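Heads up: the sequence lines are chains F and P, in that order.
Okay, so the first sequence: first residue is 102 according to the working numbering, each after it adds one.
Okay, so the second sequence: first residue is 9 according to the working numbering, each after it adds one.
Think of the hints as simulated: they come from the structure by calculation, not from any bench.
Some clues are possibly wrong.
Unchecked claim - Simulated restraints, written as ranges between beta carbons of each label pair:
id, chain 1, residue 1, chain 2, residue 2, range
1, P, Ala88, F, Gly171, 45 to 51 angstroms
2, F, Gly171, P, Ile129, 55 to 61 angstroms
3, F, Asp418, P, Ile129, 38 to 44 angstroms
4, P, Arg69, F, Ser201, 31 to 37 angstroms
5, F, Tyr320, P, Arg69, 52 to 58 angstroms
6, F, Ser201, P, Ala15, 21 to 27 angstroms
7, F, Asp208, P, Val175, 42 to 48 angstroms
8, F, Gln651, P, Val175, 30 to 36 angstroms
9, F, Glu220, P, Asn244, 54 to 60 angstroms
10, F, Glu220, P, Arg69, 29 to 35 angstroms
11, P, Thr94, F, Gly192, 55 to 61 angstroms
12, F, Leu121, P, Ala88, 28 to 34 angstroms
13, P, Leu166, F, Val255, 22 to 28 angstroms
Said to hold, decoys possible - DSSO-like mimics (lysine-lysine), calculated; alpha carbons at most 27 angstroms apart, straight line:
id, chain 1, residue 1, chain 2, residue 2
14, F, Lys236, F, Lys160
15, F, Lys700, P, Lys56
16, F, Lys407, F, Lys460
17, P, Lys56, F, Lys690
18, F, Lys160, F, Lys407
19, F, Lys407, F, Lys690
20, F, Lys211, F, Lys197
21, F, Lys197, F, Lys160
22, F, Lys249, F, Lys211
23, F, Lys407, P, Lys56
24, F, Lys497, F, Lys695
25, P, Lys56, F, Lys695
Claimed, not checked - Which residues of chain F face chain P? A few of them, derived with a C-beta cut under 8 angstroms, are:
id, residue
26, Ser117
27, Tyr146
28, Met691
29, Glu692
30, Leu706
31, Arg722
32, Arg723
Every value quoted in this text rests on a predicted model; they were computed, and no experiment measured them.
Backbone N, C-alpha and C define an ideal beta-carbon position, used for all residues, glycine too.
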Amino acid sequence: MQGRNFQIRSLSWLSSALLLIVLVLLNGVFARAGSRVDLTEEGLYTLSDGSRSILGRLKDPVIIKVFWQGVPTRFDHTKRYVASLLEEMDGASDGKVQSSWVDLSEDSGKDEARELGVEQYVFQAEHGDEVRQAKGYMSLVIEMGEEKARNLDVLHNIRDRLEYLIVSTIYQRSRVTTPVIGFVSNKPFNPFGGGRQPGQFRAFEQMLSRSFGSGARTYLDLDSDVPEDVDVLIIARPRNMTAEQVYRFEQFLLRGGRGIVLEDPVDLDNVLGRAAQQAEPHASGLADWLAHVGVTLERGAVADFKWNSKFPRSRTDFVNYAYWPKVLPDFMSDENPVTRATPPMSLYWPSALSIDMPKHEAAGRTATVLATTSPSGYRRSDITGLAQADETADGKLLEEVPLIAVVEGPLTSFWLGKPVPGSTPPELPPGDEPKDAEPKGAEPQDAEPKDEDAKEEAPKKAEGSPDGAPSGSPDGAPSGSPDGPAPKGSDPKEAPKKAAPKPDDGDGDEEADAEEAKGPARLEQGDIRLLIMGDADMIDDRLVGAWVTQAVNGNVGPSFVVSAAEWMSGSDELLALRSRAMNPRNLDKMEPGKRDFLKHLNLFLVPLLVILMGLTMFFVRRTS
Amino acid sequence: MWREFGAVYRKELKAYFISPVAYIVVALFVGFLAYRFFFDEEFFIYDKADLYRGLFFHLERWLVLLVALMGMRLWSAEYASGTIETLMTLPIGTGALVLGKYFAALTLILVCFVGSLGLPITVANIGDMDWGPVIGGYLGAFLFSAALLALALWVSSLTRHQIIASVLTGIAGATFVGMYEIADKAGPTLGPILEQLSLASHYQAMGRGVIDMRDVVFFLSFMTFFLYLNTQVVENRRYR
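Chain P with its partners taken away, still in its complex shape:
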């Protein structure tokens, strides 16, 4: 299983970094975050050595966009180009296929985060920054992306059209992010449930430097569930 996983992972990662896609995605994402941080959020006027307001506060919105764009091709491209049939006949387990693709895409997201480390390093050099919330923020953003990517991978496995996959992921992601925005108006019964299901509420808590096991378990559960759904979809296709 692990050898198969390793082979798929390497193949997917190579595919990313051979094409210009990965470089463009990383460069655009890092540049965009830096622009928002220094120009849109007016970091120097705010005059605080922290990243919460400038980086982590609205990061989930941009992560929905990033993951929707990155996840759209994971299965859809295989369906559209017909390589899925070859893939299905290879002696590789469905789990290894799903996890290989998933972790390769997750590695690219991780590269995006590593590229943005220039921001905390800069801030730490010009002020007395508390690294705790920064570590929490990055961990939260990573877990948030990982959960969303599992959703994107599953959505991508449902259609052969990349654009549809991307739009559906965007809508589903926005729904899971935005749930907590309507939680207050949903009344005392439904409100807490919506809040609990929202990816954003779990992410925001980490951004202030508190790693709550409830958040971590939620993200891991979310990932596990959608990765499992994904293996079921692919498995069903194999036996079709």
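Okay, chain F solo, but in the shape it has when bound:
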């Protein structure tokens, strides 16, 4: 009997061990096969077709080194995602994307990290009830052609954008021609130190540089002509632009350049900062020219009483704030590749756009509204007391308010038949003089841009400017360029006389010097593509870097503008990738009472129902 028992037990152990071996082998087989289903709506964890296409065209190998050590285990799902993403990229690139996990337990691994500029980060690690700080590595480095292309750090924080960040880096480094994107903002960089003034766009500029590499020109201004090689010019938060600057921008557009204007009449300073007391929207100097184009920025700010963003009263106390409308995909154009790929985007005190459709039709242009508020949008014409978060929609006229538009098609110059602002009217060759009759489709002309707001504010900033518009650079300093606009205080009509001639460079070629001084030929008509929106706060460092933007409202604005630049430059392959992971999926606006009701409903309803069922069963059994 004992022998039989022993036999049975032995067989039992043996069969269990055999089963274990079979199961281990089975797991090994599936580990190699690695098929999976991504259930997320946007396919967040599956390499998109766009990425596959870009990686599939790779000619040279790309090395991705992952540095991961000492990271608390709560980040393991990120580690797993990184591993599976790199595996997919390897497959999609036919082995061109090669990844390796650096062994950081060895000194050689740590040395490599140091050489590549990979740093350790401090993590909070739980040890029982204690929370300790621990250092660890959580980065990856992309190397292309034996050169470091990019470091991506704290991978957990960028997990949802990781595919885009890796693929876009590879794409930007490997594309044959890089579009050139110019960026003009209202305050110039201070060459004598101190960096930029508050309220600037450094984070956005860095994003541009990352996206376009050497093609990003973040230091441009309009005090001289836009360089020939610029494809797209972004003007952010223009302030009191002079007629000369507007003219240069228009010339850039007429010669085929693409423009993005982020007007910002109501900005952070108007509402919360130094200018809050003035309660006056800022003047851009572009208003008359934009009106000529057929788009007007309405005075005041736009609210959305249904879809809006959170405003922080403290680190843990947020309230919905109507003047930070959230533009939902439902209210963005499906036909435009940029808005089609844009998740809900928070805007900050935007201004409404008014589009003169008959004018566009008459000129043969198309003006397309790319985004509006929800039907609960509201136009407010004054900006006093805008910081109060408790305003309600009661008694207000609610409607869908246009916020972003794109104008495409022929445009006749604002200065057609008029002297070029601030310089000699170009001498056109015989027969090329503008005729008395305007060309077909030409808009009615004004003599000079008359930005009323600019005029009101001008005396404060540019004393002595006879036409009220400030001359020279926007901060009131005289233009430094000798062949630039007329000096401060000069009459534009007399400007040709006063404008300093370009000095002879002494090469004896006076004809060439004269040609050079004249600058590029003046264009009076051309096909333009111009994107206009009434907000630049969404790319302002103070909001981009704010915790509430990053963690609660979603930092979509900068990506939107970069996507728009990509679209305008014709390189829109990355558009579909960029934004699909950035949908912040916030909760709807809710009264505190409703929140409490939902909390308690969930806490008590189901448990009470279950207990009630138990009691019913108990009494049924007892009676039967």
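Using the hints, position chain P against chain F.
This is chain P only, laid out in the frame that chain F set:
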């Protein structure tokens, strides 16, 4: 076999729902999850229409507890009350016995999950929730519980003391969950093995909405192995 399995399954399930145990377990579990979700994890401050942080992130810890409590009586109670002898003499195969008990307990766990569906339904009504990660999270939690329950059933078959069975299951469960926490420190050879053996690492991957066949196969293998061990233990007892 299937008729025998059905008979055992019905008998076990009835035992659960005749006694107040099932109702109390389900009510406590659902209430506890709702409390953690809305109060401990401060769902409304986080302001995101997803369940990962509030529900699935630490769910494996609470599932270890739930399964340890539910699994302790599966065989131990039979041993302690002496009904195991009767059970062994019935014309029912060991496999049917094990599977009947196993799936009855698994049904109760499923009822707990169904009871917690109020959370995703609430969130979907107050925000644009992506159901993919929710489905993945629930599937992962179910497979995790199923694997752990197979372990609990086997542990329960080794002892006649319910408390010991419960504590041993808790320790074994915590070990299989916690393996990946020490994987990083275990070096490049042992680390990946520990990570691969950890139930939690496979579960966490599903919580973000990705169903990887490797995870599913791992859970199924884990279940199969411990259910098989269980049948061997019971079978050996039958011939003792």
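Right, here's what the structure says about each hint:
{"no.": "1", "hint": "Ala88(P) - Gly171(F): 45 to 51 angstroms", "in the structure": "holds (47 angstroms)"}
{"no.": "2", "hint": "Gly171(F) - Ile129(P): 55 to 61 angstroms", "in the structure": "violated (40 angstroms)"}
{"no.": "3", "hint": "Asp418(F) - Ile129(P): 38 to 44 angstroms", "in the structure": "violated (27 angstroms)"}
{"no.": "4", "hint": "Arg69(P) - Ser201(F): 31 to 37 angstroms", "in the structure": "holds (34 angstroms)"}
{"no.": "5", "hint": "Tyr320(F) - Arg69(P): 52 to 58 angstroms", "in the structure": "holds (53 angstroms)"}
{"no.": "6", "hint": "Ser201(F) - Ala15(P): 21 to 27 angstroms", "in the structure": "violated (56 angstroms)"}
{"no.": "7", "hint": "Asp208(F) - Val175(P): 42 to 48 angstroms", "in the structure": "holds (43 angstroms)"}
{"no.": "8", "hint": "Gln651(F) - Val175(P): 30 to 36 angstroms", "in the structure": "violated (44 angstroms)"}
{"no.": "9", "hint": "Glu220(F) - Asn244(P): 54 to 60 angstroms", "in the structure": "holds (57 angstroms)"}
{"no.": "10", "hint": "Glu220(F) - Arg69(P): 29 to 35 angstroms", "in the structure": "holds (32 angstroms)"}
{"no.": "11", "hint": "Thr94(P) - Gly192(F): 55 to 61 angstroms", "in the structure": "holds (57 angstroms)"}
{"no.": "12", "hint": "Leu121(F) - Ala88(P): 28 to 34 angstroms", "in the structure": "holds (30 angstroms)"}
{"no.": "13", "hint": "Leu166(P) - Val255(F): 22 to 28 angstroms", "in the structure": "violated (46 angstroms)"}
{"no.": "14", "hint": "Lys236(F) - Lys160(F)", "in the structure": "violated (38 angstroms)"}
{"no.": "15", "hint": "Lys700(F) - Lys56(P)", "in the structure": "holds (15 angstroms)"}
{"no.": "16", "hint": "Lys407(F) - Lys460(F)", "in the structure": "violated (33 angstroms)"}
{"no.": "17", "hint": "Lys56(P) - Lys690(F)", "in the structure": "holds (12 angstroms)"}
{"no.": "18", "hint": "Lys160(F) - Lys407(F)", "in the structure": "violated (49 angstroms)"}
{"no.": "19", "hint": "Lys407(F) - Lys690(F)", "in the structure": "holds (7 angstroms)"}
{"no.": "20", "hint": "Lys211(F) - Lys197(F)", "in the structure": "holds (26 angstroms)"}
{"no.": "21", "hint": "Lys197(F) - Lys160(F)", "in the structure": "holds (8 angstroms)"}
{"no.": "22", "hint": "Lys249(F) - Lys211(F)", "in the structure": "holds (17 angstroms)"}
{"no.": "23", "hint": "Lys407(F) - Lys56(P)", "in the structure": "holds (17 angstroms)"}
{"no.": "24", "hint": "Lys497(F) - Lys695(F)", "in the structure": "holds (24 angstroms)"}
{"no.": "25", "hint": "Lys56(P) - Lys695(F)", "in the structure": "holds (17 angstroms)"}
{"no.": "26", "hint": "Ser117", "in the structure": "holds (6 angstroms)"}
{"no.": "27", "hint": "Tyr146", "in the structure": "holds (5 angstroms)"}
{"no.": "28", "hint": "Met691", "in the structure": "holds (6 angstroms)"}
{"no.": "29", "hint": "Glu692", "in the structure": "violated (11 angstroms)"}
{"no.": "30", "hint": "Leu706", "in the structure": "holds (7 angstroms)"}
{"no.": "31", "hint": "Arg722", "in the structure": "holds (7 angstroms)"}
{"no.": "32", "hint": "Arg723", "in the structure": "violated (11 angstroms)"}
In this structure, the hints that do not hold are numbers 2, 3, 6, 8, 13, 14, 16, 18, 29 and 32, in rising order.
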